[in-house]
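As a plain string of letters, each chain reads:
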Amino acid sequence: MNRRGFFKLCGAAAGSTALAARAGGRALASAPRSETDPYGILIDTTRCVGCNTCSEACAEAHELPEPNTDEDVLKDTTVEQWTVINKFDVEDEEIYVKRQCMHCLEPACVSACLTEAMHKTEDGAVVWEADKCMGCRLCMLSCPFDIPKYEWNSPNPRVQKCVRCFERTEDGKVPACVDACPEEAIVFGRRSQLLAEAHKRMAENPDDYTDHIYGENEAGGTAMLYLAAVPFEELGFKTNLGTRAFPEYTKEFLYAVPFVLAGVPALLLGINRATHHRDDDDDVTPHEEG
Amino acid sequence: MSVTTPDTATGLSADLAPRRRRFWAFLLSELKPQGKLLTTFNVISIPVMLAALVIVVLRFAGGLGAVTNLSDAWPWGIWAAVDVIAGVAFAGGAYVLCFMVYILGIKKYAPAVRVTVLASFLAYLFYAGALLLELGRPWNIVNPIIGNNFGLSAVLFLVAWHFLLYMIAALLEFSPAIAEWAGAPRLRRVLQSMTLGAVILGVALSLLHQSGLGALFLMSGPKIHPLWFSEFLPILFLVSSIFAGLSLVIVESAIAKRVFAHVMDAEHKKTHRRISFGLARICAGAMFAYLGMVVITFVHGHDAASLTGGMGAWWLVEILGFTALPGALFVVAIKRRSLTGIRLASVLTLIGVLMNRLNVCVIAYRWDAPNHYVPTWMEVVVTLGIIFAEVWVLRWIILRMPILRKPPAWARADDARRGISSH
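As they're listed, the protein sequences go chains Y and D.
So for the first sequence, our numbering puts the first residue at 1; every next one is plus one.
So for the second sequence, our numbering puts the first residue at 1; every next one is plus one.
Since the hints were made in silico from the structure, they are not lab data.
Take these hints with a grain of salt, some might be off.
Pair ranges (Cβ atoms, derived) [unchecked claim]:
1) Asn68(Y) x Leu164(D): 41 to 47 Å
2) Gly236(Y) x Ala51(D): 40 to 46 Å
3) Glu252(Y) x Ser29(D): 52 to 58 Å
4) Phe88(Y) x Pro370(D): 14 to 20 Å
5) Glu91(Y) x Ser71(D): 32 to 38 Å
6) Asp131(Y) x Ala266(D): 55 to 61 Å
7) Glu63(Y) x Leu187(D): 54 to 60 Å
Here are some, though not all, of the chain Y residues that point toward chain D, as calculated from beta-carbon distances under 10 Å [to be verified]:
8) Lys75
9) Thr115
10) Glu116
11) Ala117
12) Met134
13) Leu138
14) Phe166
15) Thr169
16) Leu235
17) Phe237
18) Leu254
Beta carbons: idealized from backbone N, C-alpha and C, even for Gly.
Let the hints inform the model, and build the full structure from the sequences given.
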């Protein structure tokens, strides 16, 4: 190889390093973090009577069809119903559990999204933007709570889920479900305030609650927090998620990318120069792959 | 061949001139089909490709739900698992061979490089094409490439960029063959000078996107059966891409030796056996490395009890029947110098890798949920149609360009004058 060829190669190596640095710079900043104390909702299942006013208010606020309020089936959220109330019979008691997006502090769906279509608003709502999404559905694969839902029968499909009424809360209002609840079973506020409130209720009535706030640490913590009278696994909650934020699971790999791109090209070039020993012995006919 | 005009920059031989002057006429004549039209492959592949085309139209008219069994519980099906996740592993032969020939300078494998790089490039091209069918809103695929929608913390963002760059690198690696076919000596020289840079970039990118495909599942851990999930998935995907890719090279070259004999030169025929055995040795080594890693992840995360039940048995089928067995078969066949043995081992290996990717992506994903995803016949037809279309293009190129034979005389003369060896 002549000098020019060598410089060209150096250019290629430098280019890949620059790309690596670019990718790494943001990767180091880890998953998108919004405010340290986002808005959230405290859901006290001991107060919920299963009236479904919240599901109806949600449907109305987002122009969705009439919600499914059938108590006899275990419901999942759908593209047309962003929150559901499920009934659980535990120890002869009927417990109602509201289910919707958990609005994680460090959402898996957001860190999985390569177009930033799924993102966090400044006050902590996880929302989806149509113009950016390319429909890869990795958000669905990654979400520990299986929340994002997809319009499978649309040629222009949207990812749908609870957006925590971010437009209403930006205007100083509370989310539609919170506004509608007649039992004050759901409370809107800063996450730190909600945690304090939850701890207060548990301390004041220790017999009424199991000693756990679901969402305080699950999957790195969520903006939606739950109180319950019985252990959460009996209410259909996932209890195998751990306390590590999900984007952390990809951190090592993302770190490895700039490492490899910065180091490997130079190493390969070195090995190539060592095995194609032209400059070492001018008598040998030079050879190079064509 | 002697160089006709040694002082001209190009050393064009007389037979090349008309080809260059009348390129469009030449291209049109090359587009015509060669050989028999009524072959078994054509009879099977043409209806499948036509059916796939119709299904693709239905898919874009009615959404993915119109033709697939995908659902909120199983957002990825066989289009992603077979075409993209497994297909890219099978295309891994190119980076391994390029590393050996261009970086390590092992000339023994040089005759296998062009056809492998070509097959790999086409695999990426067609699987990126398959991705367009798979994506819900494919017109937004440019978002992570241009504009300000860079999801830099996303594994898929890196994989997407690596795919794109790797396709360019693979095309550059292969491009001298196009220049030889088109009769463009100056272009050939320019493209040749970029080969090493492209290889270096290509190998680095391959290490990352082969492992990156495993990293896509790192946040799906709680949903994948623990026997198939571990935090080492990226490394397991990378190591298995080595023997997946090389097994495909062994199988492909066995087929090529039969069906493309008339466009294959003596050197390619002569070296076929030697190269196959060499690749088989690397396969065996990589497979035992992989098995060692699998055993260690198993010992750390599980006990014998997790092997009971249907999923445990299924895991043993994959690991013992389609990884350990072909690995052992490679060793025995190499010892006994049995070409048939290593071909059989390669086929078993390919099945094993396909099983593994399908398991991680689809079968072991929510293994315990009711009404598990099973692909529709339309998903199967489209998957096959894409593979057939790729083989059609591969065949078209192999029949016309110097892939399985030496470069044309003028190109070799040019190389000889510049003191580089062509293969």
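Indices of hints not satisfied (ascending): Violated hints (numbers, rising): 8, 14, 15, 16 and 17; every other hint is consistent with the structure.
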